[in-house]
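> Relying on the hints, combine the two individually framed chains into one complex.
Given next are the chains, with one letter for each unit.
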Amino acid sequence: MIKTILVIEDEILIQQSLKKLLERKGFSVDVSASGKQAITMILGHNYDRIICDLMLQDISGFDVIEESKKKYSVEEIGQKFVIMTAYNSPQVLSKASSYNCKLLNKPFDNLEEAIRLMTV
Amino acid sequence: MENKYNPNDKKNAQSLTVFMENSILEFLNERKVSLTHLIFQSKDAAELVLLKKNDRLWVQFSNGEFCDFPFYEKNITFLLSKYRSLDSDPSPSAESLESFTRTVEIIQKKIFSSISLNPNDNVKDLWDEIIKKTNTISHESHSLRSLVEKILDVPFLQSFESSLIYFHLKGQTKAEMIGTRWRGENVNNFLEVKEFNSFFNSIKKSKIKTFNSGDFPKINLPFNGCFLAKEILSKKFSLIAITSRHDFLPYSEKEISLFETCIDLLEPHFDRLIDQEFSDQKISDLRICLKDFPLPLRVRDQQTGTMFINDLFRSELQEKDIFYNKKISGPFSLDLYDSDELRHYAFDLFHFQRISLLGELLNTLRHELSNPLFGLKLGAQIFNTLETKDDDRMIMLEIEKNVNRCQQIIENFSNLYQIQTDKKSTNLKQMIDESLLLSKSETRQLSKHVNYQNDSNQLDLNVPQIFVVQILFNLIINAAQAMRTQDTRRELWIDVDCDESFATVIVSDNGPGISDEKISQIFKPFFTTKSQGTGLGLVLSRNLALKMDGNLEFIKNDSQGAKFKLSLPI
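Chains as they are written, first to last, in the working numbering: chain A, 112 to 231; chain B, 185 to 754.
So that you can see chain B by itself, here it is in the shape it has in the complex (with noise of 0.2 Å):
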């Protein structure tokens, strides 16, 4: 294989011939690694031979000798870094070949012997058995806690009583813990992002990667004494893993080093695990809302057709129903289910939209008009302290007065709005007359008669004003447009009376009234008599009303004109 890495060809005494695998080039510059001091050589040349193989990087040395290690760049610079420390005769003699020689036996001791308890072990064997082991935990467990759990049955690590992970996705608000003490109690915890990256930092800036738990006090390690750590720091979380005997006696290199090759290898499951354990959170999370969602539905995730549906949706489904699917692109299907409920609840978030659309409508226009009204009402006052004609002065008057009473109905509205479904204590004689004030020009031909009984002009309820005054508002315009086309004296009465649990208002008017036949339909969806209608005036009133634990009624009578009963809990 040609290397196109650009040769360096000054050769001094701290250069190392090397040949590298494209891929291998390509790794290390991506990551800015330092390669100034190597020389690229064909295969056959060069003192160094690397290669990458299944994740593993291959190494064979001049000599003929050949080891592997995990692929990571840690290994490699390492490898690189004591070549050329050692190997500092630019010419090679016999001396250097045989420092070179010794090299190779550094490097295969350091790497190797820190893996091997027993001198007389056969190094290979116990590396492949570590690899084995790893991978078999690995594909043992299939959840992060077992795979942390599972890190005490590596061989060597058989002597140590906790194994922990303290990991911290982006993005998150808090790094979690998780892992097993005294081989088998589990321990979980939360911890401050804050506290977790200075935690973080310390492992990474440890260049032993042993300490003492009585170093981290803000961390509240479940255990006390020495501990191994290592830190992962990946694309989507950084991990720190955590192993202890529970006691305070000094790891060993070799224990440090095997701990350090263990995590290595185990990396890329980490990473699995987290990936699907949160994947699996969000749809259990998501399992959680919908389950109680007040809309029938089902939901299917269009990658593995899985589906699952709430309670309600199951329950419409035994009624058989009409059924219609409602599509929502995205990664899931979302399956919306007909039926009065359904409708019950767009009435609602229908409702809700309007009004804080309302609500916003009037904070903007409140804020646009306050200005252009005080203006004119500068003016005007101006205008009247100067030395003006009693009818010029009269209309500057007019202005003002008209300007006055334009604030007071903006303040109205926004008052009205603004409070939302806030219960407060509010005087139901107040909510009458503002109902009133509202529908003034709607009502303008109509006599109106309001009477309170049993001193329920001084009443005051526990409801949201707001409620009150929107079914009110919409009881009084019904009347006013049944009774539009009525040549006749039109008539609105409002009576007003109370008992010891309920104040009841009853709007009532001489129009032409309902129909037997349409009263059966008059709280449905849709059903309106107007052309103008949407027919959603009395559901959304009595929807409101049975909020509030009332009811809105129509009251059957002799007379002529339609009567409704709106009763309120006091």
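Bound-form chain A, shown alone (with noise of 0.2 Å):
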């Protein structure tokens, strides 16, 4: 049962809708705009779920994943993580779902359709 969640997005406007809206929903929401701090913030913390964007300012979200490793095994990765990102060549499809992870691809196409995927 997904209780907290975490976004990772350095679109301050995109990572604070996303926040109101699954806060709305009824999940403990925690946000970061930075790659760096949010490996933090895994290591520091049990998320349930960590809504992760691609193209962060400092590192990749695919770093981020990386570093998270050093906690969740790769299974519990394909889990717990769900990728969001507007760059979808095939370079990173291919990368994305070598971790066995959700993908999303921005814009959403419908809004409550991705809102579940993230969720469940």
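It cannot be assumed that every hint is accurate.
[As the list claims (entries may be wrong)] Here are the simulated DSSO-like pairs of lysine-lysine, each with C-alpha atoms no more than 27 Å apart in a straight line:
hint, chain 1, residue 1, chain 2, residue 2
1, A, Lys131, B, Lys389
2, B, Lys419, A, Lys130
3, A, Lys131, B, Lys585
4, A, Lys130, B, Lys585
5, A, Lys181, A, Lys136
6, A, Lys136, B, Lys573
7, B, Lys391, B, Lys334
8, B, Lys419, B, Lys393
9, A, Lys136, B, Lys585
10, B, Lys393, B, Lys438
Keep in mind the hints are simulated off the structure, nothing from the lab.
Below, the structure is given as structure tokens:
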């Protein structure tokens, strides 16, 4: 059962909108605009779900996932992480699928659908 | 001459007293050859005196004997090591002197006997003959191939049938083989670098330097049998020289040694010819490229002054038009010839440059804008799900709608520029709609009438969408700008029709039109009636139309306004 969610997104408008949206659905949401800060948060807390943008200002979302391997098994990573990206090039897609986690394309075609994917 | 090398004063059983010219010492030091067993002495006191003269190593033994070799590290180290191993007596006695003399003899034999097939031959003469022959063939050879062929003319290689080289120039993706077999049949082949390298290493590692063609199944040698091979590694290339009698009889030590000496002697010539051949190759490649280059031009080599001109330049020169020089820095100077033809190509280049720049720009914009737009949309959507007042909700809906529109515009632009020149079946009506949408702000005050005849609104054309949209966009903008200051009602008509072979799009307006004297000018570059115009719009448009096997023409009409007809093949 998912209760706590971390949203890693450097576009503040998107970050805050998602936070608000998810909070209204009853989840407890933390946010981070920086990848490095997010890593500290992931290692220090136990989030049920981590929604991660790929293009961050400091490091890439893939780096965040790699660092999280210190704490989580490959299997757990596939379950915990949801990757968000606007650059759905074949390279990105194949790399994302290698982690076995869910992938969300920005902009979302259907908001409700996207929220459902983030929270189940 | 003083020897600057730090002398090793510990004389041991393995030591050898030598005098070396500094140039030899430097040569060995550069190659990190170990010199620890040598004791450096003055010229008079040394057992062995090494001098370098004309790229040859001159060796004087303490008994007064004298000989010379090609100047190679291998020769020097071989000589030194032979001395060390045999001259084991620490204090020179009568006995050791005798052994010393023996050493000299052995070395001399080793070097000279190998090239003497007949023991009665005068060794020195034979040596001279080989040097002379290699010298002649290297001077007679003006190409790599002829040098390789002529190796078979060297005395004692005359019973051989094949001479080949495999060589790989650093940085090239393939190694090449050239040579001759059965004395006269040219052979040429290419080899993967990986295969070449493993071949090269096998040759290099081998001590006997004699091989069997069956040992190298991947090389595809042009003969069967035993062969001699010798490798050369230089800064610019690696090379394997091969010669074979096409039989399975083993080679004698003499033949092996002779072949090695011969290739050693030829090394600088391989170097020179490979260098020459590949700069020739570069120039001839350049000529081929420039022959059909779509601009008239001539190229001058600034060093030699030789010049070549391409066909277009030649024909332009005959027509005696205006001429200007455009110098481009570098080893060549490039002269471009001014003409209509040149202008035509220059505009094409200009056009494609502009398009590709735009494409890049749009791509960046799309990526950079999509995130903030998405944020806006998301924010608006969330506010709308809150319990907001109806008029607030309206504003949020409007924000969302506008974001969608922005995204759509970016998308449309990207699609337009993405396909570049791809020919793709595209709906004509869709292209016209696209052009109208793009020119929306310029044509705001115009009343637009689009008429399709003969089901031309269903027509799909096999032309690059971007070309058509660009032409129509140009025509529409021209019309709109011509009517800008017009007080009367401004109208734009787009009449589309088709027959069996062509679709026609006629764009007309009720603006001031084009005066008779200007009509002949409008398709010339840089002609413009607008203060801000480049004078390129119509030229580019016509070029694009011609590229699609269509045409763009001005249609004279009795009524007011200008009328252009774009025809496109079906």
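> Quick one: which hint numbers does this structure break? Sort them smallest to largest.
Violated hints (numbers, rising): 1, 2 and 5; every other hint is consistent with the structure.
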